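Undergrad: Work out the full structure, taking the sequences as your base and the hints as a guide.
Single-letter residue listing:
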Amino acid sequence: MKSITKQKPFDEVKQLIETFNRIYLIGCGTCATMTKTGGIDEVQAMKELLHDEGKLVTGWVVIPTACDEMTAEMIAENEKAVQDAQCIIVMACALGVQRVNSSWQKPVIPALDTLFVGLEEGPGEFFEACDQCGQCILGETAGICPLTACHKGLLNGPCGGTNNGKCEVDPEKDCAFTLIYERLKEQGRLDLMRKYHPPKNYQVMPRPRKTMVLPERGK
Amino acid sequence: MASKFKQALNSGKFVITSEIGPPKGTDLEKMYEHIDLLKDKVDALNVTDHQSSVMRFPSIGGCLAIMERGGKPILQMTCRDRNRIALQADLLLAYNKGVRDILCLTGDAVPVGDNQAAKGVFDLDSVQLLHSIRQLEAGSDLGGNELAGAVELYTGATVTPEAVPLEPQLIKFEKKIEAGAKFFQTQAIYDLDRFAKFMEYARQFPVKILAGIVLLSSARMARFMTANVPGIFVPQELIDELAQAPKGGALKKGIEIAGRMIADLMENSICDGVHIMAINREEVVPDILTAAGISA
Ligand code: SF4
Ligand code: SF4
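Sequences listed follow chains A and B, in order.
In case it helps, numbering that gives the first Met the number 0 puts the first sequence at residues 0 to 218.
In case it helps, numbering that gives the first Met the number 0 puts the second sequence at residues 0 to 295.
It should be emphasised that the hints constitute simulated quantities derived from the structure, not laboratory data.
Over 10 Å on every C-beta distance to chain A, these chain B residues come out as not near it, computed from the model:
#1 29
#2 88
#3 206
#4 236
#5 247
#6 280
Label pairs and their calculated CB-CB ranges:
#7 A:105 with B:118: 30 to 36 Å
#8 B:27 with A:139: 44 to 50 Å
#9 B:142 with A:114: 30 to 36 Å
#10 B:222 with A:200: 42 to 48 Å
#11 B:29 with A:197: 40 to 46 Å
#12 B:12 with A:207: 56 to 62 Å
Note that this is a predicted model, so its numbers are computed, not measured.
Each residue gets a CB set at the ideal place from its N, CA and C atoms; glycine is no exception.
TA: Okay, structure coming up:
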């Protein structure tokens, strides 16, 4: 699983830090490094850009995995440089941003836009694989998720926009239902495509979603 | 009471419908003109629901205008802009105002339209919308709660006889029938032999099929649609025919072609009727009917 991000335009970041002169920078060694949006190279490039804007970078770190609890410890280790800053720019996905936010009182500024949670298909090629809907139907859709792979999140088959197996919104993208159809046909399970899917429950777990994993579970 | 449109289809008569696209804004004059021009010449007028995801005056507003002016409306409902609460509520309103015929559609994608940052809803899909109507007819809403006064609606849907690949499209067509779709409007068809093959398959189901007739106004439009519109294939002979029309005569040729196709479908009883779409050229629909040998 990878959190796929892209860098915000620098002008947007600039606006967000308008009133701050001393800044601490955090990158992420996992997803954002792989997508080349918040690894060591990108953090150093950001440092240069900020310097050119006349900002002082009090320090920087690339945390191995910015979304896990280690983040609080890493911030504590660099306490002096962090304390010295007026804000932290986080070059990680929104999970990393929120993790930093929960371990630090001063303003936290995202430098990336989080696009989706995806899988890698080929080198550098990612696709959105799951929308965390709370009631997985992959067992009936040949392991392909129509909620994310179909532009409209349809459940009962292709819309009239399917064009030679491509989606009406983008001729470069496959129509989810052509993929599902071909796979089910190969598996001799086309009857699953004939099955009526009733309206989906979009409140399986109403937002805000939270859960508590109990220690006795799994025993 | 059954709608006039349903009665017409069940009478075995070759049914003609056409389309009204509500305006972008509150000036309804042009729409009124089109309604007045067509209301007595066709069996029903189908009102588009923010077609191509372009924000407009609402479909139900167009239907009310048609009824006020003595015509028979078919309400198009897409799943793009309303969740199930809003869709059900609008169905109650439509029924209460006397609308009896509903065409259930998925709806085009938001990014093809003119409010491209909008949230696409698609809480239901077209098959689920049809099922929802069955539930409203049975006296309860989608939450299973009892209604004080139900609806009774004649529902239809769309099918693309030349979709590629075809089988998933036909599976969905059958799901729509199981969900109570009684009439179908097809994507534009131009190759009558291929359409006749589709009809051989479709005839095994107890549904009425209206062939989609989209007016070709130039060879360029015909080529563009073949290249860009899913499931539309204009045969080369028709493109050539349009290209060979005298300068300024392509539209006239397009009207002749549409008329000829309708006459052919009607004389050979290939389907149950036609739905004529003369996008932005509603005023020539009577000419198409004349070209088809239909006088109203
Ligand atoms: S159905 Fe799709 S969105 Fe829902 S859990 Fe499964 S993969 Fe995720
Ligand atoms: S073309 Fe296929 S993937 Fe695209 S919106 Fe339609 S059904 Fe979904």
